[in-house]
Amino acid sequence: MSDSAIMPEHPPVLDWVHDFDHTDPRWTEDPFPIWEVLRSASPVVHTKRFLGCYMPTTYEAVKEIAYDTEHFSSRRVIVRDARPEITSRAPPITSDPPEHKPAKQLLLPPFTPDGMQKLEPRVRAICNELIDSFIADGKCDAAARYTKHVPVRAIAHMLGIPEKDGDLFIKWIHEILELGIKDDQILMQAVREMTGYFAGHVEQRRKQPTDDLISALMQAKGKDGQPLDDEHVLGSLRLLLVAGIDTTWSAIGSALWHLAKTPADRERLVREPELMPTAIEELLRAYSPVTMAREVMKETVISGCPVKPGNMVLLSFPAANRDPAMFTDADKVQIDRKENRHAAFGLGIHRCVGSNLARMEMTVALEEWLKRIPDFSLDPAGKVSWSEGTVRGPRQLPFLFKKAA
Amino acid sequence: MGEANVIYYNLLRDKSFDAGLTTKKQRRQETEAPEDEPPRGRTPGAGMAGDLDAGEFQGGARVMSGKLKVHVNQDKCQGHARCKSLAPDLFDLDEYGNAHEIGDGSVPAGLEDKAYLAQSNCPEIAIEVTEE
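Residue numbers (the working numbering), protein chains in the order written: chain H, 1 to 405; chain L, 1 to 132.
Chain H on its own, in the form it takes in the complex:
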């Protein structure tokens, strides 16, 4: 990618167990065998990169850390090269107890399954508008033409900001979640731009309140009965935008990628649409997009391994979901898997606020795609590419399919 020209390169990894790097191109391309190597070495591994970082490799170790808010803080949720002073927060994802709960409860009600049901018809319409735009071509880059736009438009609709600003959102997210891992300036600039963008929308609503999530947050009151300060409102808005797009874009993309290369699963889902909810959970398990982070605050022991302050933790829910001690045939995608306690949306108090939104978007995006394009495959002339770092999903997804009659 052209990004490599401006990003300081990390030296290639020679020893994954003692020097892992989740931004290494091999990890980006195919992380699963790397996780197996790490897991068979230790439940917790360490790298000196990123100023020192642990990675729990088993479901159990990931869970222990996710539940332990005493020794681990969420104040930094991305593992990066630098660890500058914290200047911006994004409650509740960057909050620890006791601030976490009230901040999260403000955001939960609009994202319940009932809330999502009301949004579903709009998302179904969005999916069909998108499919209309390429179905006659007999091929498309599904990441650029389909999977990206579904979450962009859905979250824009909820927040009450123009869906046409989607390219801007995508640019900021790429800068924050990918380029920002290695380049502090790019990250800070993107955060400033987003803050300015939302400050404008907040200002408009001060004069004229609207019926959307921005106005709702502005009207919400904190625990002390006072309105939330602007920093809280703007931080939460940045969070909803960043967390609501890349993640679901990746989840829908990985699901379609799997179905494109696995005709048996694709045909079965077309034949048995009632299997969709179970299949969605399995695709979420097998291709979980989101890896979070924690910062070690106090010395402790995780799965028998000593963990020391001053280090970050790469909290890989995707790796936990591939742990054979937790899931039988963990490396196999079984779209009818009955027992599935996957952790794709996290474990403990930081469970993804948007999990019901993500599930609804995934379900609708796959259902509408399979209705209109039941038979599709990877285009051998194209190349599938994956995003790097915090959120993993296809960013180029060239498909071939029968032209619409």
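The set of hints was computed from the structure by calculation and includes no laboratory data. Mixed in with the good hints there might be a few duds.
Cut-off 30 Å, straight-line C-alpha distance, at most; resulting in silico cross-link-like pairs (BS3-like, lysine-lysine) [said to hold, decoys possible]:
| hint | chain 1 | residue 1 | chain 2 | residue 2 |
| --- | --- | --- | --- | --- |
| 1 | H | Lys207 | L | Lys114 |
| 2 | H | Lys48 | H | Lys298 |
| 3 | H | Lys332 | L | Lys69 |
From chain H, some residues computed to sit far from chain L (all C-beta separations above 10 Å) [claimed, not checked]:
| hint | residue |
| --- | --- |
| 4 | Val13 |
| 5 | Val202 |
| 6 | Met297 |
| 7 | Thr300 |
| 8 | Pro324 |
| 9 | Asp336 |
| 10 | Leu378 |
Covered stretches of chain H, as calculated for chain L (at least 3 residues, CB under 8 Å) [to be verified]:
| hint | segment |
| --- | --- |
| 11 | 98-112 |
| 12 | 340-346 |
We put the beta carbon where it would ideally sit given N, CA and C, even for glycine.
Given chain H, put chain L in place with the hints provided.
Showing chain L alone in chain H's frame:
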């Protein structure tokens, strides 16, 4: 969802919000009249014939089999909503999306598999299934 938000945030500003929740819970308990519960201490197999058509709604009141009970541990539930999705007859969600069992948690005959399915898909291990 816009309308729901406004209602919610109005509620949030209202100090009686918590009281409202309690009232709703109490109402739920009241509608589950104790006489709906089958007698305890039956010998295994007893009442099987009666259980066959249990689980249906009869005149709006659910007849319970009395064999299995589900319970959501409120300290553990984080609102993944897997139980509600897999067993909507046994679990419901509150305003924040956190789960609780419907009524006293008694599992109508025929829904035992759903109870165990919900339990085995809860990422937080928050669901208890007990045999009476």
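Here's how the hints hold up against the structure:
1. Distance restraint check for Lys207 (chain H) and Lys114 (chain L): the Cα-Cα separation of roughly 51 Å exceeds the 30 Å cut-off, and the hinted pair is therefore not satisfied.
2. Restraint check for Lys48 (chain H) and Lys298 (chain H): satisfied, since their Cα atoms lie roughly 18 Å apart, inside the 30 Å limit.
3. With a C-alpha separation of about 34 Å, the suggested pair Lys332 (chain H) and Lys69 (chain L) falls outside the 30 Å cut-off, and the hint is violated.
4. Its beta-carbon lying about 31 Å from the closest one in chain L, Val13 (chain H) satisfies the requirement of being farther than 10 Å from that chain.
5. Under the 10 Å C-beta cut-off, the non-interface status given to Val202 (chain H) relative to chain L holds; the minimum distance is some 15 Å.
6. Taking the minimum C-beta to C-beta distance to chain L, about 22 Å, the non-interface status of Met297 (chain H) holds against the 10 Å cut.
7. The Cβ of Thr300 (chain H) lies farther than 10 Å from every Cβ of chain L, with a closest approach of about 21 Å, so its non-interface assignment holds.
8. No beta-carbon of chain L comes within 10 Å of the beta-carbon of Pro324 (chain H); the shortest separation is about 17 Å.
9. Look at Asp336 (chain H): its CB is around 13 Å from the nearest CB on chain L, clear of 10 Å, so calling it non-interface holds up.
10. Separation of Leu378 (chain H) from chain L is adequate, the least Cβ-Cβ distance of about 31 Å exceeding the 10 Å criterion.
11. For the segment 98-112 of chain H, the assignment as covered by chain L holds, since 7 residues bring a beta-carbon within under 8 Å of that chain's beta-carbons and 3 suffice.
12. Counting residues of the segment 340-346 of chain H whose beta carbon lies closer than 8 Å to any beta carbon of chain L gives 5, which reaches the threshold of three, so the coverage claim holds.
When held up to the earlier numbered hints, the structure conflicts with 1, 3 and fits the remainder.
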